[in-house]
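Chemist: Chain by chain, the residues:
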Amino acid sequence: MFIKQLSVFIENQEGRLEEVLDVLREEQVSIISLSLADTSDYGLLRMITSNPEAGQAALKEKGFAAMLTDVLAVRLSHQVGKLQEILSHVCKAGLNVEYMYALSNKDDEASIICKISNGDEAAELLKSKEVALYSQDDIMRIFC
Amino acid sequence: MIWNETKECMSRDELEFLQGKRLVKVVDRVYHNVEFYRKKMQQMGIEPGDIKGIEDLHKLPYTTKNDLRDTYPFGLFAAPQSEIVRIHASSGTTGKATVVGYTRRDLEIWSECVARALAQAGVTRNDIIQVAYGYGLFTGGLGAHGGAEKLGAMVVPMSTGNTKKLTTMMKDFGVTAIACTPSYLLHIAEVLEEAGDIPNIKLKAAICGAEPWTDNMRKQIEEKLHIHAFDIYGLSEVMGPGVACDCEYHKGLHVYEDHFLPEIIDPNTLKPIGKGESGELVFTTLTKEGLPLLRYRTKDLTSISYDKCECGRTLARISRFKGRSDDMLIIRGVNVFPSQIEAALLEMGGITPHYMMIVDRKNNLDTLEIQVEVEERFFSDEIKELESLTKKIAHVVQNAIGLAAKIKLVAPKTLERSMGKAVHVIDKRNLV
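From first to last, the protein sequence lines are chains G and B.
Every letter in the first sequence is one number past the one before it in my numbering, and letter 98, counting from 1, is 98.
Every letter in the second sequence is one number past the one before it in my numbering, and letter 188, counting from 1, is 188.
Don't take every hint at face value.
DSSO-like mimics (lysine-lysine), calculated; alpha carbons at most 27 Å apart, straight line [as the list claims (entries may be wrong)]:
| no. | chain 1 | residue 1 | chain 2 | residue 2 |
| --- | --- | --- | --- | --- |
| 1 | G | Lys62 | G | Lys127 |
| 2 | G | Lys92 | B | Lys52 |
| 3 | B | Lys96 | G | Lys4 |
| 4 | G | Lys60 | B | Lys59 |
| 5 | G | Lys4 | B | Lys384 |
| 6 | G | Lys62 | B | Lys408 |
| 7 | B | Lys391 | G | Lys60 |
| 8 | B | Lys40 | G | Lys60 |
| 9 | G | Lys60 | B | Lys392 |
A few chain G residues that don't get close to chain B, going by computed Cβ distances all over 12 Å [as the list claims (entries may be wrong)]:
| no. | residue |
| --- | --- |
| 10 | Ser7 |
| 11 | Glu11 |
| 12 | Glu19 |
| 13 | Leu21 |
| 14 | Glu26 |
| 15 | Glu27 |
| 16 | Ala37 |
| 17 | Thr39 |
| 18 | Asp41 |
| 19 | Gly43 |
| 20 | Leu44 |
| 21 | Lys62 |
| 22 | Ala66 |
| 23 | Glu98 |
| 24 | Ala110 |
Each pair of labels, with its calculated beta carbon distance range [to be verified]:
| no. | chain 1 | residue 1 | chain 2 | residue 2 | range |
| --- | --- | --- | --- | --- | --- |
| 25 | G | Lys60 | B | Asp266 | 25 to 35 Å |
| 26 | G | Ile31 | B | Arg377 | 36 to 46 Å |
| 27 | G | Ser77 | B | Lys391 | 53 to 63 Å |
| 28 | G | Lys60 | B | Val423 | 22 to 32 Å |
| 29 | B | Arg377 | G | Thr39 | 53 to 63 Å |
| 30 | B | Lys413 | G | Arg141 | 34 to 44 Å |
| 31 | G | Leu83 | B | Leu346 | 42 to 52 Å |
| 32 | B | Lys413 | G | Glu26 | 16 to 26 Å |
| 33 | B | Val423 | G | His78 | 34 to 44 Å |
| 34 | B | Arg377 | G | Arg25 | 42 to 52 Å |
| 35 | G | Cys144 | B | Glu369 | 51 to 61 Å |
It is worth saying that the hints were derived from the structure and are not from the lab.
Keep in mind the model is a prediction, meaning the values are calculated, not measured.
Heads up, the beta-carbon is just placed ideally off N, CA and C, and yes, glycines get one too.
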């Protein structure tokens, strides 16, 4: 029910992001979705990729701080209020969204990647509300 | 003006005789009251009776900051606690402070020395002086304060931190002299300049110290504020500010040699070196009771001139410092060793991450940035975790050195690795 996100520390410096992408290209790792969080000194690149393990290994090899994190990929339909509806379950359970970004596919769907405080509880909760979650296999099958 | 002509203009023979007499007494004092010195002298096979004058100085053991640390807090005190009336402390290399103690007589002599320095800068009892060094454990504030009171000037004990109040009082009171760090004075000058207040102040002299500064900086201060600026030197172990100060001729800082006996040694061989040559400055305190030190190694590199000065003083002069024989930095008047940062970072979990200290001077104030490599064990996919990491590092660093530093996380393996001794400091201030 969780999928692996590849997170990379990037200094706010010319060319650093490009270097990361170059390493992934060399390794033939495809980026399915990404978000770049920025602070004044550094950025945090979070990615869903075709091969997170290989991506992490290649990045570490090149000296980058890279890690894998379990996140939820929530499948949504393109309807007004869908995301709000899911978040209302999360809020009621006293859980907190750490971060969130969009994941789109070829079909007319608007999925999201999110990390919720207490991931296991969040996953159980969403399942009980019959919210569809992508598995790592789904991701590979649908997006790659 | 010369505050104490008898002492400051003594002939070299008379002075050396006085120094010799005092040296004999201080050696006797530490031998009988301080276990550290007694043991050291016994190991070296010398007794107080072997020291008959300053020609025997070279027989005595050296003292270092480490010795003070090893005997923390009061181990080197040569007076019973009942006679110690004041403590000051400066930051030490491993988080423990270097503690110094003063008897009532020590404080009187300290004030005498600072009064000499102030008089040297033209300050008299008719002046109003702002002391804008930090008051507290740091020797700057209370040290300058005592001397200014001894002189009879009207003292405004500003301490540091509120520049607006300082400049307002400077105008309203008609302040004529100020004692503070040179970088702070430049900052004050800029604040006054921006407000168009330079014509509204009566300042004529500044006595600046506690951090290295250049002749250029002095000229900059003098031109901006239309004043004369003087360089005062001291270190808490030896006493505090007022060990030496320059005169209107600015050709070196006069050492108050009747209280502090200076030597220059080769920091590698530890042998005294020829007159006029550069090396490490070493002081033996001649009159201190609370914490007398034999041949204390300052680690400051300089040379001594014994020529009579145009000002009339016969006191030896130390030249502007040429650097240090250790890696100590002086940032905003605070002594900082890279090893302190190292020890603080160790608290982050067993191994010290790679780090680099970037020291700079922006708007005339020293800045310290510490770049820390984000190793895997620190890394997180959440910004708030990384932010709490920087806060935690900032906190341990501030606790260790008493200074706020900007912490910047950088990618692993991006900081420079050197082949030999690790380089952990980039000082962009160009002070030497």
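Chemist: Per the stated criterion, does the least C-beta distance between Ser7/G and chain B lie above 12 Å, as a non-interface residue requires?
Modeler: Answer for Ser7/G: violated, closest chain B Cβ roughly 4 Å.
Chemist: Hey, Lys60/G versus Lys392/B, does the alpha-carbon distance stay inside 27 Å?
Modeler: This hinted pair holds, its Cα atoms lying about 25 Å apart.
Chemist: Are Cys144/G and Glu369/B spaced within 51 to 61 Å by their CB atoms?
Modeler: With Cβ atoms ~43 Å apart, the hint is violated.
Chemist: Does Glu98/G clear chain B by more than 12 Å, comparing its Cβ with all Cβ atoms of that chain?
Modeler: violated, 6 Å
Chemist: Lying within 34 to 44 Å: is that true of the beta-carbon distance Val423/B to His78/G?
Modeler: violated, 56 Å
Chemist: What's the verdict on Lys62/G and Lys127/G, does the C-alpha distance respect the 27 Å limit or exceed it?
Modeler: This hinted pair is violated, its Cα atoms lying about 39 Å apart.
Chemist: Please verify that the nearest CB of chain B lies beyond 12 Å from Glu26/G's CB.
Modeler: The assertion about Glu26/G holds, with a minimum of 18 Å to chain B.
Chemist: Confirm or reject: Leu21/G is not an interface residue toward chain B, with every Cβ-Cβ distance exceeding 12 Å.
Modeler: Check passes; 15 Å lies beyond 12 Å.
Chemist: Is the Cβ of Ala66/G farther than 12 Å from every Cβ of chain B?
Modeler: violated, 8 Å
Chemist: Regarding Lys60/G and Val423/B, is the given constraint of 22 to 32 Å on their beta-carbon distance met?
Modeler: Between Lys60/G and Val423/B, where Cβ atoms are some 25 Å apart, the hint holds.
Chemist: Report holds if the minimum CB distance from Lys62/G to chain B is greater than 12 Å, and violated otherwise.
Modeler: Per Cβ check, Lys62/G is inside 12 Å of chain B; nearest 9 Å; violated.
Chemist: So Thr39/G supposedly isn't at the interface. Is its beta-carbon more than 12 Å from every beta-carbon in chain B?
Modeler: violated, 6 Å
Going through the hint list in order, the structure does not satisfy hints 1, 2, 3, 4, 8, 10, 11, 12, 16, 17, 18, 19, 20, 21, 22, 23, 25, 26, 27, 29, 33, 34 and 35.
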